[in-house]
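Trainee: Sequence:
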Amino acid sequence: MLDIAGTARIVSDLHLRVDRPDLTERFARFLADTAAARVETLFILGDLFEYWIGDDDLADPFNARVCQLLRNLADQGTQILFMAGNRDFLIGETFAAAAGLGLLGETETVRLSAASHAGALREASSPSEALNSASCPAGTASIRARADIRADAAGGAVTLLMHGDTVCTDDLPYQEFRRMVRSRGWQTTFLARSLAERRAEVASLRRRSIAAVKDKTAAIMDASAIAIRAALTAHGCTRLIHGHTHRPGREDIQLASGSAERWVLSDWDTGRGDALELGAAGVRRIDLRC
49 MLDIAGTARI VSDLHLRVDR PDLTERFARF LADTAAARVE TLFILGDLFE
99 YWIGDDDLAD PFNARVCQLL RNLADQGTQI LFMAGNRDFL IGETFAAAAG
149 LGLLGETETV RLSAASHAGA LREASSPSEA LNSASCPAGT ASIRARADIR
199 ADAAGGAVTL LMHGDTVCTD DLPYQEFRRM VRSRGWQTTF LARSLAERRA
249 EVASLRRRSI AAVKDKTAAI MDASAIAIRA ALTAHGCTRL IHGHTHRPGR
299 EDIQLASGSA ERWVLSDWDT GRGDALELGA AGVRRIDLRC
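Okay, so the sequence shown: first residue is 49 according to the numbering used here, each after it adds one.
Derived from the structure by calculation, the hints contain no laboratory data. Do not take every clue at face value.
As the list claims (entries may be wrong) - In silico SDA-like links for lysine to any residue, alpha-carbon gap of 25 Å or less:
no.	residue 1	residue 2
1	264	284
2	264	308
3	262	98
4	264	299
5	264	281
6	264	320
7	264	298
8	262	304
9	264	275
10	264	223
11	262	305
12	262	251
13	262	318
14	264	254
15	264	205
16	264	329
17	262	300
18	264	217
19	264	98
20	264	244
21	264	304
22	262	77
23	264	286
24	264	232
25	264	241
26	264	239
27	264	230
28	262	278
29	262	295
30	264	249
31	262	229
32	262	228
33	264	236
34	264	245
35	264	251
36	262	297
Owing to the predicted nature of the structure, the values given are computational and were not obtained by experimental measurement.
Please construct the entire structure, taking both the sequences and the accompanying hints into account.
Mentor: Structure below.
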């Protein structure tokens, strides 16, 4: 379990890519605000990139820029912790060292330390100067904080973090694919190919994925209520935060041991995007739409 002092911010599913410079600029503004707000820890719960074909692609100018943005935040004192998603599970130690971040496993439990309870979560109606001054393209919404707060009872829940695809257990074809690409054998074979061959393979896999999604119902691709309850119970947590499904929201959950809650992060796209901030007073959602 990680004990976190102060506040933590959590994002996922940014899907940064070279043909969407607006997403990268929004990410840069968010990181600047995170530094200005003196956030102690930033969790990235996967799919930071649209795809990642291996750390030997770090020399690519786009990848290098994203890496430097993260390094700048780390150098200002924010701890950055990364959990792989279904698009960037090949991020490894080389990227982590260059970006100044730590790598997490498939799940992590987080508890606010006693030191964090001396302070209080900033008012959701008062975003920091970096967010207030951020400019979005003409005709789009500005970045802003939203009053979406849930207070912790008795000083802080134990929170379970995950990317979210592991609880989408009803999507059997995806789970089979996930087991394949997460296997050591598949990854060794894939990484032995040239960068050009890997890019071509990723493009092919993406086309097949898009075609497969058309034949799946929304319910099958969503998180399973049974899997969610099982995960919370197994880890002894009363809060789950995840991404992956691109269906932002919050719900109350009843466990055999008592009540719990689930927060789902948004993906970042035109008109979409958020972060969660976890602090002594509870959880709030920060609206990053642009």
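Trainee: Which earlier hints can't be squared with this structure?
Mentor: 1, 2, 5, 8, 11, 15, 16, 17, 20, 21, 22, 23, 24, 25, 26, 28, 33, 34
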